[in-house]
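Trainee: Dock chain one against chain two, each of which comes alone in its own frame, and use the hints as you go.
These protein sequence lines map, in sequence, to chains A and B.
Per this note's numbering, residue 131 is the first one in the first sequence, and the count goes up by one each step.
Per this note's numbering, residue 1008 is the first one in the second sequence, and the count goes up by one each step.
Hints may contain errors.
[What the hints assert, rightly or not] Examples of chain A residues toward chain B, derived with CB under 7 Å:
| no. | residue |
| --- | --- |
| 1 | P172 |
| 2 | V178 |
| 3 | S180 |
| 4 | S185 |
| 5 | I186 |
| 6 | L220 |
| 7 | E231 |
| 8 | F234 |
| 9 | G235 |
| 10 | P236 |
| 11 | G237 |
[As the list claims (entries may be wrong)] List of simulated lysine-lysine pairs, DSS-like, C-alpha gap at most 25 Å:
| no. | chain 1 | residue 1 | chain 2 | residue 2 |
| --- | --- | --- | --- | --- |
| 12 | A | K152 | A | K168 |
| 13 | A | K168 | B | K1108 |
| 14 | B | K1108 | A | K166 |
| 15 | A | K170 | A | K152 |
| 16 | A | K171 | B | K1084 |
These are calculated hints, taken from the structure and not from any lab test.
Keep in mind the model is a prediction, meaning the values are calculated, not measured.
From the three backbone atoms N, C-alpha and C, an ideal C-beta is built for every residue, glycine too.
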Amino acid sequence: DTEVTQTPKHLVMGMTNKKSLKCEQHMGHRAMYWYKQKAKKPPELMFVYSYEKLSINESVPSRFSPECPNSSLLNLHLHALQPEDSALYLCASSLTRPAYEQYFGPGTRLTVT
Amino acid sequence: GDSVTQMEGPVTLSEEAFLTINCTYTATGYPSLFWYVQYPGEGLQLLLKATKADDKGSNKGFEATYRKETTSFHLEKGSVQVSDSAVYFCALSFRMDSSYKLIFGSGTRLLVRP
Chain A
131 DTEVTQTPKH
141 LVMGMTNKKS
151 LKCEQHMGHR
161 AMYWYKQKAK
171 KPPELMFVYS
181 YEKLSINESV
191 PSRFSPECPN
201 SSLLNLHLHA
211 LQPEDSALYL
221 CASSLTRPAY
231 EQYFGPGTRL
241 TVT
Chain B
1008 GDSVTQMEGP
1018 VTLSEEAFLT
1028 INCTYTATGY
1038 PSLFWYVQYP
1048 GEGLQLLLKA
1058 TKADDKGSNK
1068 GFEATYRKET
1078 TSFHLEKGSV
1088 QVSDSAVYFC
1098 ALSFRMDSSY
1108 KLIFGSGTRL
1118 LVRP
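This is chain B alone, in the form it adopts within the complex (with noise of 0.2 Å):
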C-alpha cells in the first residue's frame, strides 16, 4: 500500500543552519504531497504542497520539489530560526473509495538552538 519514510529526528541545528529533512513515498499513481508543520500543543498547519512532478512548493522560506524519478519530496530551508522548532510531517493523499485519505509519515522533530 502507499506509504511515507521520513528520516528519524530529532534534529538539532544552530540558528541560520541549513536544514534539510528527508522524505520519500511508495505510491500508485500519482498523489498530491504535503509537508505539515504541528507547533508544540497545537493542531498541524499546512506548509507546503505539490500536486504533480516537479512542482515546487514554498512557503516562509521552506521548499520542496516533486521528484518523481526518485519518489521524493524533501524539505529544504536555507536558513533556519528558533520559531522553527517544531515536527514536521510530510503526507501523501490518495483517494479511497469516494473519498480522500492523508498517510503520514512518522514526523521529525526539529529543534533550533540560538
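Okay, chain A solo, but in the shape it has when bound (with noise of 0.2 Å):
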C-alpha cells in the first residue's frame, strides 16, 4: 500500500475561522512533510516531521500550525488565515534517507474568504 491520504479534499473557511487538514499513512514512514501549491507553480516546502518531531519550518507564518500525533498521522491546524493562503496543500511521506522517494497525497483545496 503506497497511499497517503488526506481529508478533507476541499476546505472553504472564513478568516476567523478555525480548521484542520488531516493527512494519513500507513507505509512506516518515519518522515512526513506539508507543501503548499499555487497555482502553475511547483510545491513549496511548508514543514517536514521526523520522526514525529518537527525538524524543519520554512519560516511558516504561526496562522499554521503542524501537528504530527504519530508516525501515520499529520495534521495542520489553521486560523485567522488571508486570502493569499488560499492554494493545494499537499501532504508527503517517505523514508528517512534522499533516495527515497516522497509519496504525495492527493491534496487538499482550500479557499480562504
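Mentor: Spelled out as C-alpha cells, the structure:
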C-alpha cells in the first residue's frame, strides 16, 4: 500500500475560522511533509517531521500550526488565514533517506473567503 | 544553493510524437533525482528516479538518465499518448540538518493532441 490519504478534499473557510487538515499513511514512513502549491507553480515546502519531531519549518506564518500525533498521522491546524493562503495543500511521506522518494497525497483544495 | 531548471512550457505534441523535457540541476554533492507528474486536480505521482550517476530511471515508457558530467536528467518518451497530458516536475533531494528536502523545478505542462 503506497497511499497517502488527505481529508477533507475541499475546504472553504472564513478569515476568522479555525480548521484542520489531516493526513495519514500506513507505509511505515517516519518522515512526513506539508507543502503548499499555488496554481501553475511547483509545491513549496512548509514543514518536515522526522520521527514525529518537527525538523524543518520554512519560516511559515504562525497561523499555520503543524502537529504529528503519531508516526502515521499529520495535521495542519489553520487559524486566522488570509485570502492569499488559498492553495492546494499537499501532504507527503517518505523513508528517512534522500534516495527514497516522497509519496504525495491528493491534496486539500483550500479557499479562504 | 541547490536548484533545478526545467524547460518552459507548455509543450504541445501530437499523439505518438517523441517527447523530451529538459532538466538541469545545480547541487553540491550527489543528490538523488526524480521526475514527478501531476494530472489536473490531483497530487504528485512519482514517475521515475535515479540515485547515482549513469543510473537510468524508467516507468510507463518514460526514461531519464542521471548525467553527472552535464548535470542533467532529461525526461524522454518515444511515443506520447493523450493520457500523458499533465504537468511534469523535475526534482532533486538533498539533506538539510537531520531531514531531506525536495527541490522542484518550475514544472513543464505537456499537452498531447489526438
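Trainee: Look at each hint and say if it fits the structure.
Mentor: Results of checking the hints against the structure:
no.: 1; hint: P172; result: 4 Å, holds
no.: 2; hint: V178; result: 5 Å, holds
no.: 3; hint: S180; result: 5 Å, holds
no.: 4; hint: S185; result: 4 Å, holds
no.: 5; hint: I186; result: 5 Å, holds
no.: 6; hint: L220; result: 6 Å, holds
no.: 7; hint: E231; result: 5 Å, holds
no.: 8; hint: F234; result: 4 Å, holds
no.: 9; hint: G235; result: 5 Å, holds
no.: 10; hint: P236; result: 4 Å, holds
no.: 11; hint: G237; result: 5 Å, holds
no.: 12; hint: A:K152 - A:K168; result: 19 Å, holds
no.: 13; hint: A:K168 - B:K1108; result: 19 Å, holds
no.: 14; hint: B:K1108 - A:K166; result: 14 Å, holds
no.: 15; hint: A:K170 - A:K152; result: 24 Å, holds
no.: 16; hint: A:K171 - B:K1084; result: 24 Å, holds
Violated hints for the displayed structure: none, as all numbered hints are satisfied.
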